[in-house]
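Undergrad: Take a look at the letters that make up each chain.
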Amino acid sequence: EAGVTQFPSHSVIEKGQTVTLRCDPISGHDNLYWYRRVMGKEIKFLLHFVKESKQDESGMPNNRFLAERTGGTYSTLKVQPAELEDSGVYFCASSNRQGPYEQYFGPGTRLTVT
Amino acid sequence: EDQVTQSPEALRLQEGESSSLNCSYTVSGLRGLFWYRQDPGKGPEFLFTLYSAGEEKEKERLKATLTKKESFLHITAPKPEDSATYLCAAYSGNTGKLIFGQGTTLQVKP
Numbered sequence: 001e002a003g004v005t006q007f008p009s010h011s012v013i014e015k016g017q018t019v020t021l022r023c024d025p026i027s028g029h030d031n032l033y034w035y036r037r038v039m040g041k042e043i044k045f046l047l048h049f050v051k052e053s054k055q056d057e058s059g060m061p062n063n064r065f066l067a068e069r070t071g072g073t074y075s076t077l078k079v080q081p082a083e084l085e086d087s088g089v090y091f092c093a094s095s096n097r098q099g100p101y102e103q104y105f106g107p108g109t110r111l112t113v114t
Numbered sequence: 001e002d003q004v005t006q007s008p009e010a011l012r013l014q015e016g017e018s019s020s021l022n023c024s025y026t027v028s029g030l031r032g033l034f035w036y037r038q039d040p041g042k043g044p045e046f047l048f049t050l051y052s053a054g055e056e057k058e059k060e061r062l063k064a065t066l067t068k069k070e071s072f073l074h075i076t077a078p079k080p081e082d083s084a085t086y087l088c089a090a091y092s093g094n095t096g097k098l099i100f101g102q103g104t105t106l107q108v109k110p
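Residue numbers (the working numbering), protein chains in the order written: chain A, 1 to 114; chain B, 1 to 110.
Don't read these hints as lab results, they were simulated from the structure.
There may be inaccurate statements among the hints.
Example chain B residues on the side facing chain A (calculated, C-beta under 7 Å, incomplete) [said to hold, decoys possible]:
hint : residue
1    : G29
2    : R31
3    : G43
Simulated pairs of lysine-lysine, DSS-like, Cα-Cα distance not exceeding 30 Å [to be verified]:
hint : chain 1 : residue 1 : chain 2 : residue 2
4    : A       : K41       : B       : K109
5    : B       : K59       : A       : K44
6    : B       : K69       : B       : K79
7    : B       : K57       : A       : K41
8    : B       : K42       : B       : K63
9    : A       : K41       : B       : K79
10   : A       : K78       : B       : K68
11   : B       : K42       : B       : K109
12   : A       : K54       : B       : K42
13   : B       : K68       : B       : K109
14   : A       : K78       : B       : K59
15   : A       : K54       : B       : K57
16   : B       : K63       : A       : K41
17   : B       : K68       : A       : K44
18   : A       : K41       : A       : K54
Now the in silico label distances, taken between C-beta atoms and shown as ranges [to be verified]:
hint : chain 1 : residue 1 : chain 2 : residue 2 : range
19   : B       : P8        : A       : T73       : 22 to 32 Å
20   : A       : M39       : B       : N22       : 34 to 44 Å
21   : B       : S18       : A       : E52       : 44 to 54 Å
22   : B       : T26       : A       : T20       : 17 to 27 Å
23   : B       : E15       : A       : R64       : 25 to 35 Å
24   : A       : T20       : B       : S18       : 41 to 51 Å
25   : B       : A77       : A       : Y74       : 37 to 47 Å
26   : B       : F46       : A       : V12       : 22 to 32 Å
27   : B       : T95       : A       : L84       : 39 to 49 Å
28   : A       : N62       : B       : S18       : 19 to 29 Å
Idealized CB from N, CA, C, for every residue including glycine.
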């Protein structure tokens, strides 16, 4: 069974540009999560999809971040325009159950904004 | 505010030297305590979930335990391949979120 995949693995962009990160969850997992880890800090929740619906987006930093999950399969996270403080590693995770159950993480996308 | 604190930040052990990693939490409505292992350049890999105080789980050289205020990850006779960052995360039933600690980076020398 394929795990969670993320693309790209690394992205370097200039301040003000746009970047789109993609996550493909484990097949059949309705729950999809986005997390972010900035330098020196812990991994923090961004948002949670159940199928194509946003269950909780309270962790999104501001309106420069837009997440979508059309059709309830893969998800994209767009940052527009990117700022320096957006640099970090963005992780995607998926789970077949909502609640206190294991979430399976992808390898992450390292975003560097210069 | 929900918070998870891990200690120590870094730990160096000789191969075979057993030790414990600590995870203290203050989380509203704890519903589960998770341990993950993370290797450089990779995502967190699930190890254990503990749901109630007194619960213990084991996997190879690792054993996780849970009390009402903290969790321990005991590593018995570690090997160099156990070197990684170990992450603790608490699931809040009140917020429905997983709260992570900063991790403990373990290095096991042969």
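Undergrad: The structure should be examined with respect to each hint, and the outcome stated for every one.
TA: Hint by hint, here is what the structure shows:
no.: 1; hint: G29; verdict: violated (10 Å)
no.: 2; hint: R31; verdict: holds (4 Å)
no.: 3; hint: G43; verdict: holds (4 Å)
no.: 4; hint: A:K41 x B:K109; verdict: holds (26 Å)
no.: 5; hint: B:K59 x A:K44; verdict: holds (27 Å)
no.: 6; hint: B:K69 x B:K79; verdict: holds (29 Å)
no.: 7; hint: B:K57 x A:K41; verdict: holds (28 Å)
no.: 8; hint: B:K42 x B:K63; verdict: holds (23 Å)
no.: 9; hint: A:K41 x B:K79; verdict: holds (28 Å)
no.: 10; hint: A:K78 x B:K68; verdict: violated (39 Å)
no.: 11; hint: B:K42 x B:K109; verdict: holds (21 Å)
no.: 12; hint: A:K54 x B:K42; verdict: holds (26 Å)
no.: 13; hint: B:K68 x B:K109; verdict: violated (33 Å)
no.: 14; hint: A:K78 x B:K59; verdict: violated (38 Å)
no.: 15; hint: A:K54 x B:K57; verdict: violated (33 Å)
no.: 16; hint: B:K63 x A:K41; verdict: holds (26 Å)
no.: 17; hint: B:K68 x A:K44; verdict: holds (23 Å)
no.: 18; hint: A:K41 x A:K54; verdict: holds (25 Å)
no.: 19; hint: B:P8 x A:T73: 22 to 32 Å; verdict: violated (41 Å)
no.: 20; hint: A:M39 x B:N22: 34 to 44 Å; verdict: violated (24 Å)
no.: 21; hint: B:S18 x A:E52: 44 to 54 Å; verdict: holds (48 Å)
no.: 22; hint: B:T26 x A:T20: 17 to 27 Å; verdict: violated (36 Å)
no.: 23; hint: B:E15 x A:R64: 25 to 35 Å; verdict: violated (47 Å)
no.: 24; hint: A:T20 x B:S18: 41 to 51 Å; verdict: holds (46 Å)
no.: 25; hint: B:A77 x A:Y74: 37 to 47 Å; verdict: holds (42 Å)
no.: 26; hint: B:F46 x A:V12: 22 to 32 Å; verdict: holds (30 Å)
no.: 27; hint: B:T95 x A:L84: 39 to 49 Å; verdict: violated (29 Å)
no.: 28; hint: A:N62 x B:S18: 19 to 29 Å; verdict: violated (46 Å)
Figure legend: structure checked against the earlier numbered hints; hints not met, in rising order: 1, 10, 13, 14, 15, 19, 20, 22, 23, 27, 28.
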